[in-house]
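Chain by chain, the residues run as shown.
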Amino acid sequence: EAGVTQSPTHLIKTRGQQATLRCSPISGHTSVYWYQQALGLGLQFLLWYDEGEERNRGNFPPRFSGRQFPNYSSELNVNALELEDSALYLCASSLGGAGYTFGSGTRLTVV
Amino acid sequence: GQQVMQIPQYQHVQEGEDFTTYCNSSTTLSNIQWYKQRPGGHPVFLIQLVKSGEVKKQKRLTFQFGEAKKNSSLHITATQTTDVGTYFCAGPPGNTPLVFGKGTRLSVIA
Chain A
1 EAGVTQSPTH
11 LIKTRGQQAT
21 LRCSPISGHT
31 SVYWYQQALG
41 LGLQFLLWYD
51 EGEERNRGNF
61 PPRFSGRQFP
71 NYSSELNVNA
81 LELEDSALYL
91 CASSLGGAGY
101 TFGSGTRLTV
111 V
Chain B
1 GQQVMQIPQY
11 QHVQEGEDFT
21 TYCNSSTTLS
31 NIQWYKQRPG
41 GHPVFLIQLV
51 KSGEVKKQKR
61 LTFQFGEAKK
71 NSSLHITATQ
81 TTDVGTYFCA
91 GPPGNTPLVF
101 GKGTRLSVIA
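Protein chains in written order, with our numbering: chain A, 1 to 111; chain B, 1 to 110.
Think of the hints as simulated: they come from the structure by calculation, not from any bench. We put the beta carbon where it would ideally sit given N, CA and C, even for glycine. Hints are supplied without guarantee of correctness; some may be wrong.
Said to hold, decoys possible - Covered stretches of chain A (in silico footprint by chain B; criterion: 3 or more residues with CB under 8 Å from a CB of chain B, positions within the stretch not fixed): (1) 37 to 43; (2) 93 to 106.
Claimed, not checked - One-sided and incomplete, this derived list gives chain A residues near chain B with beta-carbon spacing under 10 Å: (3) Val-4; (4) Leu-47; (5) Asn-59; (6) Phe-60; (7) Arg-63.
The whole structure should be built from the sequences, with the hints applied where relevant.
Pasting the structure below:
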């Protein structure tokens with residue numbers, strides 16, 4: 001069984017640009033979660049999608065947005081990038097909220 | 001909002017010593033989950049505890065869920081170098097995504 005896949009692995013952007021990160025959940029998982037992990041910090045919840053709908057969002061500005069497609073894959077968009085957006089962005093999927101399976105993450109660097 | 005706190009933040013042990021990390025939530029949890037993140041890796045699900053006072057074991061790892069369902073602990077007996085990483089606890093405040101603690105980073109000195 002394929003795990004959660006994320007792309008790209010690394011992304012380097014200039015301040016003010018936009019970044020798009022992608023995630024494919026485990027087959028059969030309808031929930032996708034996005035977390036931000038800044039260097040040395042814990043996981044901060046960004047967004048939760050389930051059945052194509054945004055169910056919850058964390059305490060992040062509106063320039064963090066995303067969507068979930070009919071095949072349950074998801075996209076995270078970050079507009080007007082700031083230096084402090086540099087972090088590891090992790091996507092996870094689950095079935096019913098128990099035991100998240102994380103992808104390997106996208107390392108976003110804003111210069 | 002709900003807060004999940006973990007102590008200690010860092011722990012350095014000699015190989016063969018025991019290790020314990022503690023997790024406390026500001027609210028009662030329906031369940032608590034534990035994850036391990038190796039250096040340079042991503043979090044990997046270890047276990048979920050649901051019942052008050054529940055104790056589960058995985059080889060050298062022992063997980064406990066407090067009676068009030070607001071605290072939990074992870075104990076590793078006789079640490080090995082393969083145990084190195086950051087251990088996170090996480091709980092869902094209702095039907096919402098997991099709130100993670102900041103983790104305990106374990107270093108094992110051979």
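Do the hints match the structure? See the list:
1. 37 to 43: Three-residue rule met by the region 37 to 43 of chain A, so holds; n is 3.
2. 93 to 106: holds (count 9)
3. Val-4: holds, 9 Å
4. Leu-47: Because about 9 Å separates Leu-47 of chain A from the closest Cβ in chain B, which is inside the 10 Å limit, the hint holds.
5. Asn-59: holds, 8 Å
6. Phe-60: violated, 13 Å
7. Arg-63: Check failed: Cβ of Arg-63 of chain A comes no nearer than 20 Å to chain B, outside 10 Å.
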